[in-house]
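K.L.:
Sequence:
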Amino acid sequence: METIYVDTSVFGGCFDVEFKEYSNKLLEEFKKGEKIMMISNLVIKELKTARGEIRRQPLKVPFRHLIHTKNSLKAIKLANKYIAGGALTNSSHADAVHIATATMQGANIVASWNFKHMVNTQRIKLFNTINTNEGYRTIEIMTPREIINPSL
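If you're matching positions, the sequence shown starts at 39 in my numbering and goes up one per residue.
Take every hint as true, because none was put in to throw you off.
Simulated pairs of lysine-lysine, DSBU-like, Cα-Cα distance not exceeding 35 Å: (1) LYS154 - LYS63; (2) LYS112 - LYS163; (3) LYS98 - LYS115; (4) LYS112 - LYS83; (5) LYS69 - LYS115; (6) LYS69 - LYS83; (7) LYS69 - LYS154; (8) LYS163 - LYS115; (9) LYS63 - LYS163; (10) LYS58 - LYS86; (11) LYS112 - LYS69; (12) LYS119 - LYS83; (13) LYS112 - LYS86; (14) LYS86 - LYS98; (15) LYS86 - LYS163; (16) LYS154 - LYS119; (17) LYS98 - LYS58; (18) LYS69 - LYS163; (19) LYS163 - LYS119; (20) LYS70 - LYS108; (21) LYS163 - LYS58; (22) LYS63 - LYS112; (23) LYS86 - LYS108; (24) LYS154 - LYS70; (25) LYS98 - LYS69; (26) LYS63 - LYS98; (27) LYS108 - LYS163; (28) LYS63 - LYS119; (29) LYS58 - LYS83; (30) LYS98 - LYS83; (31) LYS163 - LYS98; (32) LYS86 - LYS115; (33) LYS163 - LYS70; (34) LYS70 - LYS98.
For the record, the hints were derived by calculation from the structure and aren't laboratory data. In this text the structure is predicted, and so the values were computed from the model without any measurement.
Given only the sequences and the hints, what does the whole structure look like? Please build it.
P.N.:
Okay, here's the thing in structure tokens:
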């Protein structure tokens, strides 16, 4: 079964005209146990400043279909390597930590609507080059739409 690390943008996407269809479909797959949702303490921290309806989205997924993980020191070091390697800048450190945490914790995919820093072909290549150079596996980064409809 696929484990998908969900970044904060997916939960906000549940209420965005452009993204709500696929954000909600992905959450439904988590609720049904068709996929496992992974979130980190960084996602929880970011959600604290979101509207209540957005903050409550992860709570709708049963615990048996959810992995809650912490951002390890190793993940933070890997995130710093993404920045040093030019995949992101210091201002996008949190995005780097999301990707590094998903990589370190064994997620199959990172789900995000962040096209600038995460769902970006050139950046994904850099993340995976750095992962490989550091002895880690590669990771897919996709939108919920791509996860739900992989042929699109």
